[in-house]
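Sequential numbering from 26 applies to the sequence shown in my numbering.
Keep in mind that the hints were calculated from the coordinates and are not lab data. Watch out, some of these pointers could steer you wrong.
[Said to hold, decoys possible] In silico BS3-like links for lysine-lysine, alpha-carbon gap of 27 Å or less: (1) Lys78 x Lys117; (2) Lys117 x Lys322; (3) Lys117 x Lys374.
[Unchecked claim] Pairwise CB distance ranges, derived in the manner of DEER restraints: (4) Val313 x Glu184: 28 to 36 Å; (5) Thr267 x Ala177: 26 to 34 Å; (6) Arg65 x Asp308: 40 to 48 Å; (7) Asp323 x Glu106: 27 to 35 Å; (8) Glu264 x Pro77: 42 to 50 Å.
Even for Gly, the Cβ is constructed at its ideal location relative to N, Cα and C.
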Amino acid sequence: MSEESRRTIAADVVFDGETAHRDCAVVIEGENIVSLILRREIPRGADVLELPKGVWLAPGFIDIQVNGGGDVLFNDSPTPEAIATILRAHRKFGTTSLLPTLITDTDEKMIAAKRAVTDILPHAPGVLGVHFEGPFISPERLGVHRADLRRAPSPHHIEMLAPPPGGVSLVTLAPEEAPTGFITELVAAGCKIALGHSMANYAQTRAAMAEGLTGFTHLFNAMRPLASREPGPIAAALESSTAHYGLIVDGEHVDPAILRLALRAGLGHPMLVTDAMPPVGGDGRGFVLQGREILIKDGRCVTAEGTLAGASLDMASAVRNCVSLLDLPLERALVLASANPANFLGLGKRLGRLVAGYRADMTAFDPQSLRIVSTWVAGERSAEEW
26 MSEESRRTIA ADVVFDGETA HRDCAVVIEG ENIVSLILRR EIPRGADVLE
76 LPKGVWLAPG FIDIQVNGGG DVLFNDSPTP EAIATILRAH RKFGTTSLLP
126 TLITDTDEKM IAAKRAVTDI LPHAPGVLGV HFEGPFISPE RLGVHRADLR
176 RAPSPHHIEM LAPPPGGVSL VTLAPEEAPT GFITELVAAG CKIALGHSMA
226 NYAQTRAAMA EGLTGFTHLF NAMRPLASRE PGPIAAALES STAHYGLIVD
276 GEHVDPAILR LALRAGLGHP MLVTDAMPPV GGDGRGFVLQ GREILIKDGR
326 CVTAEGTLAG ASLDMASAVR NCVSLLDLPL ERALVLASAN PANFLGLGKR
376 LGRLVAGYRA DMTAFDPQSL RIVSTWVAGE RSAEEW
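Can you make the complete structure from the sequences, with help from the hints?
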């Protein structure tokens, strides 16, 4: 491409994934970032977009646990069209890429979900793959997953769960419900494995990590709690320098005091996740989840009995909550929403930073309110303005 085909986005602050730079600009060519330069270095006559005063430009948010959005639930409609709706719904909150997430369901529904992701991947760079949350989970830690759909792994599941061409497959399971060697086989097939909805003890968790488990799905939620004589999966996650653990920072799923403690004590890599349900980017009303009515009460998704059923959280709000509830610097909160999930998925050399050679996935926002101004995916700016 020629110099004339390059585009430049200038901002008062550009956060490159590690450092906040003042009065800088990102130069894009095609779908990739060419360079990060000072405003005064922008060539005369260049195609420049000047962001509004005070606005930050940062790596786009990456959400690895998205059940739905825009009034669509992936389990109800595992199709490319549904995924496209979910993508649009989350993009207005700074999420530039995500994993559509299918909670515990039938083999047929899992096959349909993977097929939908396979079909849309070549046309939607915002789709990174698929997240299967279940069905190999503990009967004691179901959450809102249906008990009649949980089951033991079978040999055919290895191929079923393998990544779609060009994408990632994340599998959340309870290690104690899987036979020895199953995690090893999934890892060999290319899957990323996370512990979740599990009553695994500390020894079982460590054994699963030795087989290749590297992630923990919504840490603290739907898993054996930390105890003085049985530290369980929470201690195993926090003491490991290689573990990645998702955190739902909505002030409801986990008390902020516990999250602050985990962020101080943990040696691994926390990641923000939304566990988002259809109301995110939709009309905000209730929905039906596998035959159960889910109500929206005070911003919480709950069953009639009061059980949490995912979240109505978006990533911009999760970042804002990190600052207001957890006392994190904005820069660290942004890392939790971008670089850390990219690294967990093995995409850290392509996504999660604003440096030369990386894909131009970016979000522009007001640093005080975290209101999203605009987003770019693979160099393409959203048509909407929020």
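Hints versus structure:
{"no.": "1", "hint": "Lys78 x Lys117", "in the structure": "holds (20 Å)"}
{"no.": "2", "hint": "Lys117 x Lys322", "in the structure": "holds (23 Å)"}
{"no.": "3", "hint": "Lys117 x Lys374", "in the structure": "holds (25 Å)"}
{"no.": "4", "hint": "Val313 x Glu184: 28 to 36 Å", "in the structure": "holds (31 Å)"}
{"no.": "5", "hint": "Thr267 x Ala177: 26 to 34 Å", "in the structure": "holds (28 Å)"}
{"no.": "6", "hint": "Arg65 x Asp308: 40 to 48 Å", "in the structure": "holds (46 Å)"}
{"no.": "7", "hint": "Asp323 x Glu106: 27 to 35 Å", "in the structure": "holds (32 Å)"}
{"no.": "8", "hint": "Glu264 x Pro77: 42 to 50 Å", "in the structure": "holds (44 Å)"}
Taken one by one, the earlier hints all hold for this structure without exception.
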